[in-house]
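**Student:** Here is how the chains run, residue by residue.
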Amino acid sequence: MRSAVRSDSSGGRTALLLLILPPVFLLGSLCIGRFPIMIADVVSAIGSAGQAVEEVVRSVIFSIRLPRGLAALLVGAGLSVSGAAFQGIFRNPLVGPSILGVAQGAGFGAALGLLLTESILVSNLLAFTFGVVAVMAACFIALRKSDNSLLMLVLSGIVMGAVFAALISLVKYVADPEEKLPTIVYWLMGGLSGVGYKDLVFAAPIIAIGSAILIALRWRINVLSLGDEAARSFGEDTRLLRFAIIGSATIVTSACVALAGIVGWVGLLVPHIARMFLGPNHSVLLPASISIGACYLLAIDVVARTATSAEIPLSILTALLGAPFFAWLLTKTGGKWT
Amino acid sequence: MTLAVSNLDFSFGTQRIFTDISFSVAPGEILSVIGPNGAGKSTLLRCLNGLLSPDHGEITVNERDIRSLGRKELGRMIGYVPQRNTDTFGFSVFDMVLIGRAAHIDTFSAPAEVDHQAAERALQLVGLQFIRDKNFNQLSGGQAQLVAIARALAAEPDIILLDEPTAHLDIYNQVQVMRVLRQLTDGKGLSVIMTTHSPDHAFLFSSKVLLMQPGREGLFGPPVDVMTPETVSRVYGIDVSIVRYDQQNPACRTVVPDWFGTAGTQR
Numbered sequence: 001m002r003s004a005v006r007s008d009s010s011g012g013r014t015a016l017l018l019l020i021l022p023p024v025f026l027l028g029s030l031c032i033g034r035f036p037i038m039i040a041d042v043v044s045a046i047g048s049a050g051q052a053v054e055e056v057v058r059s060v061i062f063s064i065r066l067p068r069g070l071a072a073l074l075v076g077a078g079l080s081v082s083g084a085a086f087q088g089i090f091r092n093p094l095v096g097p098s099i100l101g102v103a104q105g106a107g108f109g110a111a112l113g114l115l116l117t118e119s120i121l122v123s124n125l126l127a128f129t130f131g132v133v134a135v136m137a138a139c140f141i142a143l144r145k146s147d148n149s150l151l152m153l154v155l156s157g158i159v160m161g162a163v164f165a166a167l168i169s170l171v172k173y174v175a176d177p178e179e180k181l182p183t184i185v186y187w188l189m190g191g192l193s194g195v196g197y198k199d200l201v202f203a204a205p206i207i208a209i210g211s212a213i214l215i216a217l218r219w220r221i222n223v224l225s226l227g228d229e230a231a232r233s234f235g236e237d238t239r240l241l242r243f244a245i246i247g248s249a250t251i252v253t254s255a256c257v258a259l260a261g262i263v264g265w266v267g268l269l270v271p272h273i274a275r276m277f278l279g280p281n282h283s284v285l286l287p288a289s290i291s292i293g294a295c296y297l298l299a300i301d302v303v304a305r306t307a308t309s310a311e312i313p314l315s316i317l318t319a320l321l322g323a324p325f326f327a328w329l330l331t332k333t334g335g336k337w338t
Numbered sequence: 001m002t003l004a005v006s007n008l009d010f011s012f013g014t015q016r017i018f019t020d021i022s023f024s025v026a027p028g029e030i031l032s033v034i035g036p037n038g039a040g041k042s043t044l045l046r047c048l049n050g051l052l053s054p055d056h057g058e059i060t061v062n063e064r065d066i067r068s069l070g071r072k073e074l075g076r077m078i079g080y081v082p083q084r085n086t087d088t089f090g091f092s093v094f095d096m097v098l099i100g101r102a103a104h105i106d107t108f109s110a111p112a113e114v115d116h117q118a119a120e121r122a123l124q125l126v127g128l129q130f131i132r133d134k135n136f137n138q139l140s141g142g143q144a145q146l147v148a149i150a151r152a153l154a155a156e157p158d159i160i161l162l163d164e165p166t167a168h169l170d171i172y173n174q175v176q177v178m179r180v181l182r183q184l185t186d187g188k189g190l191s192v193i194m195t196t197h198s199p200d201h202a203f204l205f206s207s208k209v210l211l212m213q214p215g216r217e218g219l220f221g222p223p224v225d226v227m228t229p230e231t232v233s234r235v236y237g238i239d240v241s242i243v244r245y246d247q248q249n250p251a252c253r254t255v256v257p258d259w260f261g262t263a264g265t266q267r
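Protein sequence lines, in the order shown, are assigned to chains U and F. The numbering of the first sequence is our numbering, which starts it at 1 and goes up by one. The numbering of the second sequence is our numbering, which starts it at 1 and goes up by one.
So that you can see chain U by itself, here it is in the shape it has in the complex (with noise of 0.2 angstroms):
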């Protein structure tokens, strides 16, 4: 298969179905729900701007699944680039992109907003900056000590983490367990029930500006890949590029965590899928990985609504489900696509 990508029609077919695919299953994630409408009506809604449809489909297309099947699009996608982009230059392919504390930091955020506020977009920012703030502190402790600065980068995450996930407990040890604790408990296990417009406003730019940085510098993510010394001997300014792609997969991660809460597993397990069709060259790899990540939760958000009356929480789909396919894919591979 991995010759697939390098003869220039089938790389061109390869390129135009992963193109095709997020569109097709964002139409299909509008049929299914509850309230099961005909693709056709969806396709006409969707042409005329819902005015040839009912009142009750236009309602549940634009203003409840639409925006929902977007954001799912999203945050599938922003995880999947920023784990794709961190295993690269971690020169690990079992790094998510939470490792340098992103999810905690965030999930602190998100939980403080909530005890504190009723304001889900105050939550949100404060969940977005928090990401931001571990993953800065990460760096801050490891720019202290510069020779072998990727090891110190990961052991500093793995701090961070620790400390935010303590911090995430006592806000809840902290918070009225009738009222406060449950809200932040469901944020925390992820989900994008109730996400509408206003929350896209706020995160899809952030995901699409980190995500486009990470595509422009795909190739150089193969330099990286090689280690800091042969990088550098290549003509890389890896410390420069190295920061410029670990602040652009934060700040997507982090907005991603904002919109849907902690979903696990989908930065780790989408590049892995990638990785396995189309070869480890990450020029291919990164495009690849948003738009398999973009269906994947799409496919997962489906099922978490629709699979019982209540809401399913994301990230217990994304782990029950994930984990083993990866578990399949490992011994039917023998992880050799790695």
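Quick caveat, the hints were computed from the structure, so don't treat them as lab data. One thing to keep in mind: the hints can contain errors.
[Unchecked claim] Here are some, though not all, of the chain U residues that point toward chain F, as calculated from beta-carbon distances under 8 angstroms:
1. R91
2. N92
3. L94
4. L217
5. R220
6. E229
7. A230
8. F234
9. G235
10. E236
11. D237
12. R239
13. N281
14. S283
Note that this is a predicted model, so its numbers are computed, not measured. Note that the Cβ used here is the ideal one computed from N, Cα and C, for glycine as well.
Once you've looked at the hints, dock chain F against the given chain U.
**Tutor:** Same frame as chain U, now just chain F:
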């Protein structure tokens, strides 16, 4: 391009690694850097392409101090083949060689057609274009070393630094690597600087030798002048003879430890 080094000192913290190293390498020359483990051979190579900064002394390329050159500029002038070649993800050989083009590609760009051609030419120079689609991690040691050389060549440098390019290779692959290096110096006028633990290779293949002696100045000159029984015995701390094994060719010499205490030389 001529690379010249004068009075170089280097320490890690308070530990002096090497002292008073001076030499120069002209286009078409191979310099072998030889010396005991820990004498600072690899450290010296890392100074030459700016990965490490020496305490004192000067390194110039065509009379320009390398400290005045940017990372990218150095990357285009000086190719580097590290001692260990690690690849976490198993890139294809071609993608691996293409990475050597980094210094020619703008930060936000991907490799263009000229880069693909340069990588293709570099693979041809080491004679491995037929494995271009293989996984780098599945290559034999000899092939991996040649691919690493091709990766350095993809940048089209004037000088190439190699850290023990023949270590861990069988004699066939040692000869393959040395043959490629000779083609580059003789045919394309590159300068090659390599560290090695093989005095035989230094005699056979190099125009100059730098013998690094721990705690003392480096000895630099043509191999037969620098590597005498006296200097080699002193530097390594064992008695050795230097034996000529082909009377027609003065470069055919080998260093033999005096197992039985019969120190003597045939010149």
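**Student:** It remains to establish, for every hint, whether it holds in the given structure.
**Tutor:** Against the structure, the hints come out as follows:
| no. | hint | result |
| --- | --- | --- |
| 1 | R91 | 4 angstroms, holds |
| 2 | N92 | 7 angstroms, holds |
| 3 | L94 | 10 angstroms, violated |
| 4 | L217 | 7 angstroms, holds |
| 5 | R220 | 7 angstroms, holds |
| 6 | E229 | 6 angstroms, holds |
| 7 | A230 | 6 angstroms, holds |
| 8 | F234 | 4 angstroms, holds |
| 9 | G235 | 2 angstroms, holds |
| 10 | E236 | 6 angstroms, holds |
| 11 | D237 | 6 angstroms, holds |
| 12 | R239 | 10 angstroms, violated |
| 13 | N281 | 5 angstroms, holds |
| 14 | S283 | 6 angstroms, holds |
Taken one by one, the earlier hints fail for this structure at numbers 3 and 12, listed in ascending order.
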